[in-house]
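Asks: The chain contents come next:
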Amino acid sequence: MTAKAMLAAARKDLGLTGRPNRITKDYAKRNGAEFLAVAWCQMSITWWARQSGNEDAVLPRGDRAYTVWSAEDGEALGRWHAGTVANIKKYAQPGAVVYFDWQYTDRIAAIDHVGLVEQVLPDGRVQTIEGNSGDAVKRRVRSADVIAGFWNPDYEEDDMPSAKDIADAVYERFTGTVTGDVWAAREKILDVGQKIDPKTALRQIWAYTKDGYARDREILARLAAQDATIKALADALAARDSNLDADSLLDRIRAELENVSIRLDVGK
Amino acid sequence: MSEQQTEADLARTHVDVHDWGPTEADEEDVLKSLYGPPGADGVYRGEGESK
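Residue numbers (UniProt numbering), protein chains in the order written: chain A, 1 to 268; chain B, 1 to 51.
Hints in this document: simulated from the structure, not taken from any laboratory. Some clues are possibly wrong.
Once the Cα atoms are required to be at most 16 Å apart in a straight line, the calculated EDC-like pairs of lysine to aspartate or glutamate come out as [said to hold, decoys possible]: (1) LYS12/A / ASP26/B; (2) LYS32/B / GLU49/B; (3) LYS4/A / ASP26/B; (4) LYS12/A / GLU47/B.
With the hints as extra help, turn the sequences into a complete structure.
Replies: Next up, the structure:
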């Protein structure tokens, strides 16, 4: 899934307040009742990831309620960036998970709070959506001073088909029915209406590729024969006329051929 | 002690530390310029983000 879906999930919770709430209840259901009333900023990230189908990208080691461990997850993936203005401007993207230290360090162990980047502002600050900001889900503005660091989860691109979509399309190609508008039907390689099965499709691809190589070899053989014929003709002319310069004649023929476009119809 | 229990303890130590974050002086102006005035609950919502 996408960063867009992650942010959409977060926006749905704007204004959610108090605890326990649906975020802490969901986390507690899987991880224990002790989570019902504890700090829920990181549980919000977990909730939004699960609501938007982004568990693989945002929760690489599963549910997180503790900010430091979530930051370490990003660091373990090699995606961690320290919270500097330069890093924010260069690397932070909407959907990045951003961690704060109110003591102004960039140390992961010192992290106090977490949010989700909604926008990177031109001055190097970020506009976030944060759970448990004053015990509510709110939009905030944060500067590099309080940002310990951030990481961009490996979301799928919004304009890219998902891996499932690609797999489905490939499966359809190898198991569907041949329609009249496909190249293989126009070339009479497959019949319109023919049901494709993967083994047959792969065999046909292999056979056609093999046939292509055979055609290439045939073209090269014909060109070599043509070249030999021209050379023999030049030699014969030179034998009949001692004044004829066979090498010069061949050079002229080759120069002329350089300027000729030929369409070869092979195998018809 | 399981990882979940440890995590709960660690999360508990952070209770309400979240409110201490310094507020950017122009935060309200920035959010207002992006999303319009806040709702009665002080939350900034964009168009179509009804409460």
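Asks: Is the Cα-Cα distance between LYS4/A and ASP26/B 16 Å or less?
Replies: Violated, at about 26 Å.
Asks: CA of LYS12/A to CA of ASP26/B, is that 16 Å or under?
Replies: violated, 25 Å
Asks: Taken at face value, is the distance from the CA of GLU49/B to the CA of LYS32/B at most 16 Å?
Replies: holds, 15 Å
Asks: For the pair supplied as a hint, LYS12/A and GLU47/B, is the alpha-carbon distance within the 16 Å limit?
Replies: holds, 12 Å
Going down the numbered hints, you'll see the structure goes against 1, 3, while the others check out.
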